[in-house]
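Please build the complete structure, drawing on both the sequences and the hints.
Going down the list, the protein sequences come from chains R and Z. FYI, in numbering that gives the first Met the number 0 the residues of the first sequence are 0 to 602. FYI, in numbering that gives the first Met the number 0 the residues of the second sequence are 0 to 352.
In case anyone wonders, no lab produced these hints; they're calculated from the structure. Where a beta carbon is used, it is the ideal one built from N, C-alpha and C, also for glycine. Hints are not guaranteed to be accurate.
To be verified - Stretch by stretch, here's where chain Z covers chain R in the computed footprint (C-beta under 8 Å, at least three residues):
#1 246-259
#2 266-275
#3 573-582
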Amino acid sequence: MSDAMSVHPEVVTTHDVHHDEHHVHHHKETFITKYVFSQDHKTIGKQFLITGIIWAIIGGLFSVLFRLQLGYPDQHFQILETVFGKWAEGGQIKPEFYYALVTMHGTVLVFFVLTAGLSGTFANILIPLQLGARDMASPFLNMLSYWFFFLASVIMLSSLFISTGPAASGWTVYPPLSALGQASEGSKLGMDMWLVSMAMFIVSSLLGGLNYISTILNMRTKGMSMTRMPLTIWAMFFTAVLGVLSFPVLLSGAILLLFDRNLGTSFYLSDIVVNGQILPNEGGSAILFQHLFWFLGHPEVYIILLPAMGMVSEILSVNSRKPIFGYMAMLGSLFAICILAFLVWAHHMFVTGLNPLLGSIFVLLTLLIAVPSAIKVFNWLTTLWRGNIRFTPATLFAIGFVSLFISGGLTGIFLGNSTIDIHLHDTMFVVAHFHIVMGVASFFGMLAGVYHWFPKMFGRYLNSTLGYIHFWVTIIGAYLIFWPMHYQGLAGMPRRYLDKSSWVSFTQFGELDKMITVVSIIVFAVQLMFVFNFFYSIFKGRKVTTQNPWGANTLEWTTPIRPGHGNWEGEIPEVHRWPYDYGKDGREFIPQTEPIGENESKH
Amino acid sequence: MQTFFIVAILTLGFLITFQIAKASEYVAVLRGEEKARKQANKINGFMLLAFLIVGLIGVYYCNEELKGKILGTPASDHGVLIDRMLYITLAITFIVFIITQICLFWFAYKYQESDKRKPYYYPHNNKLEVIWTVVPAIALTVLVGFGLFYWFKITGDAPKDAMVVEVTGKQFGWEFRYPGKDGVLGKKYYKNIDPAKNNPLGQLWDDEANHDDVWLEQEMHLVVNKPVKLVIGAKDVIHDVGLPHFRMKMDAVPGTPTTMWFTPKITTKEMRDKTGNPNFVYEIACDQMCGKGHTGMRGVVVVETQEEFDAWLAGKKPQYLVANPVSTPDTNKKDSTTGNTTVRPVANGITKN
Chain R
0 MSDAMSVHPE VVTTHDVHHD EHHVHHHKET FITKYVFSQD HKTIGKQFLI TGIIWAIIGG
60 LFSVLFRLQL GYPDQHFQIL ETVFGKWAEG GQIKPEFYYA LVTMHGTVLV FFVLTAGLSG
120 TFANILIPLQ LGARDMASPF LNMLSYWFFF LASVIMLSSL FISTGPAASG WTVYPPLSAL
180 GQASEGSKLG MDMWLVSMAM FIVSSLLGGL NYISTILNMR TKGMSMTRMP LTIWAMFFTA
240 VLGVLSFPVL LSGAILLLFD RNLGTSFYLS DIVVNGQILP NEGGSAILFQ HLFWFLGHPE
300 VYIILLPAMG MVSEILSVNS RKPIFGYMAM LGSLFAICIL AFLVWAHHMF VTGLNPLLGS
360 IFVLLTLLIA VPSAIKVFNW LTTLWRGNIR FTPATLFAIG FVSLFISGGL TGIFLGNSTI
420 DIHLHDTMFV VAHFHIVMGV ASFFGMLAGV YHWFPKMFGR YLNSTLGYIH FWVTIIGAYL
480 IFWPMHYQGL AGMPRRYLDK SSWVSFTQFG ELDKMITVVS IIVFAVQLMF VFNFFYSIFK
540 GRKVTTQNPW GANTLEWTTP IRPGHGNWEG EIPEVHRWPY DYGKDGREFI PQTEPIGENE
600 SKH
Chain Z
0 MQTFFIVAIL TLGFLITFQI AKASEYVAVL RGEEKARKQA NKINGFMLLA FLIVGLIGVY
60 YCNEELKGKI LGTPASDHGV LIDRMLYITL AITFIVFIIT QICLFWFAYK YQESDKRKPY
120 YYPHNNKLEV IWTVVPAIAL TVLVGFGLFY WFKITGDAPK DAMVVEVTGK QFGWEFRYPG
180 KDGVLGKKYY KNIDPAKNNP LGQLWDDEAN HDDVWLEQEM HLVVNKPVKL VIGAKDVIHD
240 VGLPHFRMKM DAVPGTPTTM WFTPKITTKE MRDKTGNPNF VYEIACDQMC GKGHTGMRGV
300 VVVETQEEFD AWLAGKKPQY LVANPVSTPD TNKKDSTTGN TTVRPVANGI TKN
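Here you go:
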């Protein structure tokens, strides 16, 4: 009760501050237009972030549930039956339910958390603020982008509650398994809902992406040439380009799959006898879907990763009090990654019967992507070198990102080489690889961003002691979970096996699986602690008292502590220099708004 | 009850952590935020260094614990190449891993904030950047070169003397077909599939080549040191013929046959001695998620000598005879006495008409 009492006055003052700032713009805002159907990019960003957090809790919880099954296949957890009923009869997860959990975990985290929650959040919040724009090119489309995402979320969430369960054919939903209700419970109504939800999601991401691109190209403030943009904005730009060019391909793939499921077409189906029933479809190609899926699916990896790279570059530079090393090289490597991202999709398909010659071209292009990735790593390392590093929670997460990106990137060199992929394809090695490089690393980038820009978003700080605990438990946990998992893959253990007891070859890792399960529960609990810290600090965190708490150069820190809709009260500041003049000519930092001095040295 | 206690302990632990965290924030404000921040900075800098050292020891320990649990000697000729490629890649990437991780955490520790240090304004250095573009490019060229050399060896055409086995995946098991004496797999059409009529693969009985084809489930026999070409298909959804001990893998796609070939080098019996495990068998693991029974989609491969194999196959009845027991004993007898050559042209002529 006392807590509630003390929240109250604070909330009132928040409103007051907002009100003061807002009278400049002369339009009345109701609760609905300000917090629900808001067209303010900052509010939309927060909506993406909070929706993403809720999805992350759901998706993370799913992983804890199936880790319980993997670690303790013989144990009965009564609570599971209480909560999930027929899906976990006798306290043991049923195979159908296990595969539904795995599928939803992947879908939710890849699309709803790390695409919408990561790039949706930070593209929205940072693009106008760091470019010096009052809002997005089209605030209305931007709002629609969130609400399409919301609609997608509602559909996906409701598919969890139907009697045949949600989609259960893996997050890649390969047909024929995903096309035939006879082949799997999850391929009944749940799969249609998955496809419709993804269609909504794609609309959302296209609306957002087009908006980000046009904002970046057209709405930069005076003096903000493209090469004076912070790397965060460049990363968001390439992310948006990737999304706009590749998501429509997934949409077409999804629509054809809907046709195959409901209208009797044969795009993906041929020569099938399922459950004793001979299907009439002939002449389709199941592999076609994989091409369409991975034409998005691989760029998607970079859609997830690039924003994290951009934010990490910015955060490492600010907190090392040193310019980012090799700005143009960073830019060039982002560009190279963006181009190559479109040319490597078939490396997910080396063992589908792909023509070996075609496969060899994809090997070459895939391993080529390691070059720009290596450049980025070396540049981050050199940025830290001879800096004066402040370990804020954001910095720690950024350093953690680099460490994980190295570890996960190097195992990519194994999998990208088709010869080794023959052995490692679809084993636990793959699971370990992409969780480290795409899952956990991107999460680290996202968390670094949340810790770093939280003061800008809410005018308060996150509790940093909790932040430190969060970081240390998460990075130690992430390595404990995923490092030994590579050995399971080297032993040839296939992914998506929920119980190895019937096998001779895969039973040697029982103890390891238990350890991984225990650690993943701890890591999940610590994420809940972060979520608590997040919501608690929105209302009761330590207040930000200075405009530029991190001593950063970029424009978002020239706005008021709690900027209103429109961001700057007076005129938008003019930009005179690149954003990375840290430690130049003996000065700690020189904001972008400061004109070049007469005696200033050149870089 | 147990669950309740765990939840209670977690909640309590969380509350305590939270109170400490909140208190430390107040203390920081009282003592001067700058001072508290610097102290936290020192602690985290030290932790980063400790993490590096403990982490590297952990990497070593993990390897010691688990290296015995991964697969031993590859049991096929292709497996040898794949393992070699794996170890070449491992050597190069491990060096990069060690150097970059040490740099990362060591720099973070060494250059932690200090009042004495001025950060070095160092925005770019073209020479350095060229060096670390070219060096990885060369390393990767080496890896691509080796990789593709082995890749084309492995995926090239099977030797002419290779034996052929057809593998068909279904929910949730494996079916095999041996071409019999003629060495040719007869034609099939999926709409003829009818297990009730003893035609699980949809073989066309008109096709003479089908008459000696042997159909089996769950267990595949191969001859040691004899190349084998697998013709792979699926009935319902995509499966994958995963052969971890042979390091081979190929998807089984309905409607699109795929192939792979390799030469088994070690018999099952030899492998039992090698591993010291009397229950050892080569397993076929489905590697492509195929529905609720995916976990148990297991097949067995028996690698044996030519004599053992011949004796085993001789005991199997062609599926044609299983499916057509009454109408064909006469023709069959002729078949076995006069040989296939006399009968086949006639049968082929019939199917063509």
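Hints the structure violates: just list their numbers, smallest first. 1
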